[in-house]
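Quick mapping for you: the protein sequence lines, in order, are chains A and B.
Per this note's numbering, residue 25 is the first one in the first sequence, and the count goes up by one each step.
Per this note's numbering, residue 730 is the first one in the second sequence, and the count goes up by one each step.
Among the hints, erroneous ones may be present.
[Said to hold, decoys possible] Here are the simulated distance ranges between beta carbons:
1) A:Glu386 - B:Lys832: 49 to 59 Å
2) A:Gln263 - B:Arg907: 51 to 61 Å
3) B:Ser1033 - A:Asp440: 51 to 61 Å
4) B:Trp893 - A:Asp446: 51 to 61 Å
5) B:Lys832 - A:Pro242: 41 to 51 Å
The set of hints was computed from the structure by calculation and includes no laboratory data.
The structure displayed is predicted, hence computed values, not measured ones.
From the three backbone atoms N, C-alpha and C, an ideal C-beta is built for every residue, glycine too.
Here is what each chain is made of, one letter per residue.
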Amino acid sequence: MTTIQERAPAGRAETGEREEIITGCDAVAQALKLLDVDVLAGYPIRPYDSVMSTVSKLIANGEMDAEFIVAESEHSQFEIGKHASLVGARSFIGSSGVGWMYGMEALVVTASLRLPVVALVGNRALDDPGAFGVEHNDAMMVRDTGWLLYWVETAQEALDMTLMAYRVAEDKRVMLPCALSMDGAFLTHSQHIVRVPDAGLVQRFVPPYDLGDRRFHPDNPISVAPQFNEDWVMEARRQSDAAMRRARGVITEASAEFAQVFGRGPRDPFLDTYRMEDAEYALIGMGTVGMVGKVAVDRLREEGKKVGFVRVKWFRPFPQPELRSLLRGLKGVGVVDRDYSFGSNSHGGVLYTEIAAALFPEERRPVLVPFIAGLGGREVSVENMAEMQDIVEQVTARGERDATCRWIGVRGPESDPRYDMDNLKARAEGGAR
Amino acid sequence: MAAPELTVPDLAINRRLTVLPMQEFYTSGHRTCQGCESALVMRYMAKVAGPRTLVTGTTGCMYVANTSYNSTPWALPWAHTQLGSAGSSAIGTAAALKALMRKGKIPDEKINVIAFCSDGGGGDMGLATLSAAMQDTRYNLLILLYDNESYANTDIQASGMTPWGAVTAFTPSGQQKRITHHRWKKNVPALLMAGHPTGRYFANTSSGFGMDLMEKVRTALDIGGPTFVQTHDPCPKGWDYDPRKSHELAVLAVECGITVLWDCLEGELRYQGVTRQQVEGRLRRKPVADYLRRQGRFAHFADSDIDYFQAQIDEMWEEWILPGVLRIKQTPFGTLPRSSSQPDAAGHAPEFAAAVGGGNRG
Chain A
25 MTTIQERAPA GRAETGEREE IITGCDAVAQ ALKLLDVDVL AGYPIRPYDS
75 VMSTVSKLIA NGEMDAEFIV AESEHSQFEI GKHASLVGAR SFIGSSGVGW
125 MYGMEALVVT ASLRLPVVAL VGNRALDDPG AFGVEHNDAM MVRDTGWLLY
175 WVETAQEALD MTLMAYRVAE DKRVMLPCAL SMDGAFLTHS QHIVRVPDAG
225 LVQRFVPPYD LGDRRFHPDN PISVAPQFNE DWVMEARRQS DAAMRRARGV
275 ITEASAEFAQ VFGRGPRDPF LDTYRMEDAE YALIGMGTVG MVGKVAVDRL
325 REEGKKVGFV RVKWFRPFPQ PELRSLLRGL KGVGVVDRDY SFGSNSHGGV
375 LYTEIAAALF PEERRPVLVP FIAGLGGREV SVENMAEMQD IVEQVTARGE
425 RDATCRWIGV RGPESDPRYD MDNLKARAEG GAR
Chain B
730 MAAPELTVPD LAINRRLTVL PMQEFYTSGH RTCQGCESAL VMRYMAKVAG
780 PRTLVTGTTG CMYVANTSYN STPWALPWAH TQLGSAGSSA IGTAAALKAL
830 MRKGKIPDEK INVIAFCSDG GGGDMGLATL SAAMQDTRYN LLILLYDNES
880 YANTDIQASG MTPWGAVTAF TPSGQQKRIT HHRWKKNVPA LLMAGHPTGR
930 YFANTSSGFG MDLMEKVRTA LDIGGPTFVQ THDPCPKGWD YDPRKSHELA
980 VLAVECGITV LWDCLEGELR YQGVTRQQVE GRLRRKPVAD YLRRQGRFAH
1030 FADSDIDYFQ AQIDEMWEEW ILPGVLRIKQ TPFGTLPRSS SQPDAAGHAP
1080 EFAAAVGGGN RG
């Protein structure tokens, strides 16, 4: 970690902010230190794990006071985080790829117990075959369970959103766990200039964690998570639903306060929009693809194409109102999924499916084109983005409203000819090649 | 209302319990079966643990049948944890207490942390978490494994701690195959003790010996550090016998030498009660048939099956250097001299045989 300078910008001398060149994972670790997190549980899997290495070093050096537990599996790791949170400790966990899957049971109950654990998902492809690189399917697996989900683009956003994650998750009106997704390698391990805020301001922005009458302590002898069955489970589920509905407002409120306290922050907490003011087309993605997308948009604009980029930040709660008002009236929209959902609508990815559903109530829906790109850590290039824009324009010109998903930057035929329906039929009739 | 003081003495020194509190912390409200010994174990455990205790429990009988919403039997704070999470729930709870107390976020005091699990949750699925818990010397925690020898809540399926040959929903006896459960019961307390030299206390006990059980729980809590207690709990539903005979069956398992009462405090192994008398040769073991023939789950046993079972138990007693604990028969230092206790073909009390007779179904 390199400290560039002690920064005291004009007019905000009291902020005590400083600049450092750190990775995405290190930025999260710095936030955890500022938040005075009490219990952290780690288990090794690349690439999220470097946040735990950094935190354990901070603890060993006496810069941070917390119990750090090296768990014997992700399942235990997440259960440790859950139970620590129940006792009233601010807890942090994280994982990647199949590790996140291994602890799935514990993740599900953390959400249904309404415990505000925060997790880092260093997005990674699911096995098999093995791949360390980014895919968003891992974090997506909890999308229906009550986890707040956010995809960050830069190390600065990783730090800021770690603060935001605890602030929103621990809000009495929400009380849901929050997972920050960070593209493996592209962000977990690449360094950015990050403005690290003063601890005093962080404490002002994120009040102490208070579980209230659900605190697990001898002074409060409660029974937690007894057997509900059909008598009560539906009411419990609806409470989670209500919390997720309320989360929208809490996020808006907290984002406004973030700007007030730290003197910076995005205008729109839900969507990151780039050159959308007069756009006729849009490309949409999540995570670090935003950086590529914005460069691509600049180039395409030079060619006279009226295209902008939209980065979806909060995935749960899903920003349906923002997407509707932004995309209504556009000619064509390309959705770049860094994940897959085999057999889903148009064979598109998860983001596509969600956006298609979000736009359904609109009368003036744009032509929507699904893409899958950048799986397993494959780079999504500016050329790839330009290719997708070309396809969107062609599909729009044809007025094709049911485009099926195209895979971008992939080798080989779309389908193995041996399993082609016509071939199989011909073979059955005795005319096989 | 302030919780009344508990008057149980510190057992870290002599491991003997002389006074018991009147209060109960596991009370009415549970829906366990008639004759459920595990519910009794919960009551013993809560009684000696006292009010400054946090309890977590895995999925299983002591969750599903115990804690219906709005009718909890727990006067202590109790939280559900997932089937394989006894160890991790204990670590998470204890770590949080430690961090919050050190930072002054909650008052600094001694709070017992107990995580209980079943033979399936602890002995099978959660074994790795028990192992992790036994290693973490930073935290005071007790894992209590209530062993009713099957996944009794789901529908009586075999676990790794179901006795060899027993009939369960997954290991039936059929016309072609009489025995379909081929695994000899694993010895979890010994497994944990042997592999975790920094674990401070390991014990095996039985629901039939309440004082022994309570002494062991209390000793574990007084010692602190990672500790483990296992109890052997007859289960009328899973073992197929008259619910009135639960307690007698627990006692009989010890008298036959199948369940062994022992504990190991900081490396010092001791045997207790009936087991101790057997080890010292002052009491003869009863034949295992007395125990097996009283349970429907062994009703399909041929004489040769009984003989096999008896031979295994005999070996455990006569050839193991630490009877009933570790299967070490030879060492580079030779064998250690020890009294043996032969089974007694007709030595059991006749009134007891009459009392337990109902389970012998063909």
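Against the structure, the hints come out as follows:
1. Between Glu386 of chain A and Lys832 of chain B the Cβ separation comes to about 51 Å, which falls inside the hinted range of 49 to 59 Å.
2. Under the hint 51 to 61 Å, the C-beta atoms of Gln263 of chain A and Arg907 of chain B, about 52 Å apart, fit the expected range.
3. Remark: the range hint 51 to 61 Å for Ser1033 of chain B to Asp440 of chain A is upheld by a beta-carbon distance near 57 Å.
4. Take Trp893 of chain B and Asp446 of chain A: their Cβ atoms lie about 59 Å apart, and the range 51 to 61 Å holds.
5. Separated by about 19 Å at the C-beta atoms, Lys832 of chain B and Pro242 of chain A break the suggested range of 41 to 51 Å.
Taken one by one, the earlier hints fail for this structure only at number 5.
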